[in-house]
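> Position chain B relative to chain A; hints supplied.
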Amino acid sequence: MSDHTNSSSNSSSSSKNPGWAGETGAFSGLSEADVRGTGYVGAQPKEGWPAGGINAYPYQLAEKQPDAPLFEGPYAKRLERILARYPTKRAALLPVLNLAQEIHGHLAAEDMARIAEVLELNPATVRGVATFYTMYNKAPVGRYLIQVCTNIACTVCGGDDVFNAFLAHTGTEPGEISDDGNFTVVDAECLGACGFPTVVQINNRYFENVNAEDVPAILDRLKKHGVDPTDGKGAGPAAKPESAADAPPPTPNSNPSSNSNGEG
Amino acid sequence: MAYPYRHERETVVMSEGFGDPATRTLAGWRKLGGYKAMEKAFGMERADVIDVVKSSGLRGRGGAGFPTGVKWSFMPKEVNPERPHYLLINADESEPGAFKDRELMRWTPHQLIEGALIGAYAMQAQHVFIYIRGEFFEVAQILGRAIEEAYEAGYAGKNIFGKGVDIDVTLHAGAGAYICGEETGLMNSLEGRRGQPRVKPPFPAAVGFNGMPSTVNNVETMCSVPHIINNGGDWYRQFGTEKSPGTKLFNVSGHVVRRGNYELPLGFPLKDLIHDVCGGIRDGRTLKAVIPGGSSVPILTAEEAEAVSMDYESVAAAGSMLGTASVIVMDDTTNLLHAVRRMADFYAHESCGQCTPCREGTAWISKILRRMEDGRGRPEDIDTLYDLCDNVTGTTICVLSDSIAAPVRSWLDKFPDDVQAAIRGEVKAVTV
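Those sequence lines, one after another, are chains A and B.
The numbering used here puts the first residue of the first sequence at -8, with every later residue one more than the last.
The numbering used here puts the first residue of the second sequence at 80, with every later residue one more than the last.
Read the hints as simulated data drawn from the structure, not as lab findings.
It is possible that part of the hints are untrue.
[Said to hold, decoys possible] Simulated pairs of lysine-lysine, DSBU-like, Cα-Cα distance not exceeding 35 Å: (1) 493(B) - 80(A); (2) 80(A) - 156(B); (3) 37(A) - 110(B); (4) 37(A) - 68(A); (5) 493(B) - 279(B).
One chain only, chain A, in its complex shape (with noise of 0.2 Å):
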């Protein structure tokens, strides 16, 4: 750590973790899956947990279905479990713009009414609620949305240069998709591990300790393997819906403008 040079320049490479899980410090021998807990979490069941673990969440998955009906098949089965926590219809409300999000990767003006149908609301009132946060994505992202932490903490040790990097080596500018389909960067605020300098959530997994020059490996990384913490190699309970990466990547580049997730 004390070798550095230049700010941009965050940790030596001895002490971070190959799979970008964060600087390890002074616990040099814990592995990708030991610093994210893959596994002890295991594989989430399509149907969700029974007890009160999380079952929706506002997360993107690399390969959406914009055109799967909602709430059928298993996610049926997480929406009852997820109504049956809440006291009013409304409080779900989030966590159903979750599961919706999940299966098509963002909320159209369908899936909110949809949504006002299924909980008894006005699709107004779900409009209204869905555009306030941040990480409901209103219009298509790409394969892996990258969200650059360019707040205090990350800024101060060169989030701006590892944003930019991300930018140049997709060819894209803030909240396009590329031209693969592959890639949709923009600048977050604050993703709250400040410690671990710059910050980068992909999809649904943070990368920490990124400098300019990682990028092209993470990149790659995103293409052969998806955000999957094992690289393939099969352990990881996120191996299935995260790594196929030989599928075709879905309709390319087609909302290049008006994307506004995290830009403030």
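Then chain B, alone, in the frame of chain A:
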């Protein structure tokens, strides 16, 4: 033993399992004595549990520092069956600079669950909602798995310890809004609304989530509770100062050699934290400024920082706030104009929009600073910024806009050379 570095001057209470994947599991947590405090608390009168927490002097770790036991005692003593009590855990950790709750939840999820169940018992809450920020997917997966384990082992759910007590625990993800870390904004968000703060009174203990009596506690606060129940209030008071007892996670970011979380007694000298525990300033550079408690607090100069102790009273006396003890260290290469402008952008982006002074004022502050950074500063900008800071302070429902006024005003007050250079357009537009 905090993560990712440890230091011999730490006082390890909450951070014992950090960096050890085994501690995440129920079995691992039990090995550290886990769930003994819960069993002990469930054998006590509810009022006695609250009294122990009161006697420890534990203060809320989310930033405000309000005494936890006193907060708990505001809840109605009897439960009206039509007005169920709720305990809401604030795991929204979104203050720029703060990254302590994330370590607590990803290494010791059962510590939080145990603390929350003790609190729920003491306040007769039948349902605990843990409101975790939406970005913490990996942390939420870990915490969610731990909640499932707690249900399987009978610590949560129906008839806990055979005592006829039912407590549900539900993990709920936010969706990216800083303001949901404000307790009434959190409640609105949990009700499926925009996370806009509410006017107080009524206070949450009377009219909270879904209109019912509710208490909102921070993750680190609740992680302290099992240790206090196990060892007693006097034991806890041996750490820290008289008015700020106990240990606290100090989350240090920025230009130090070893960034990370360190568990230290309150009142620990900031100078020692930076120069000893964190290994000093990177590359042998010199200290320029420190934000001691997350981005919402006034900036300290190097001289001020090296003289202050990290407890609520001492940091206040030095003209700033302990807040979340999220220490952002900046060395002499730092472009403070850029740093302050980036914080202003954040508050402008995160303003919920319901109060005019905040909605307009945060955006104006951000625009003026951005203009300065573009080399088009004007001498009158200083007075305009002071004027804006005055007009967004104390004029709104919550303190979001006060929180940008504090760092901006302290920059104007304490770094006149920087400010003059910014006005003259002599500050480089790029970052350090």
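> Under the constraints set out in the numbered hints, which ones does this structure not fulfil?
Those not satisfied come down to hint 1.
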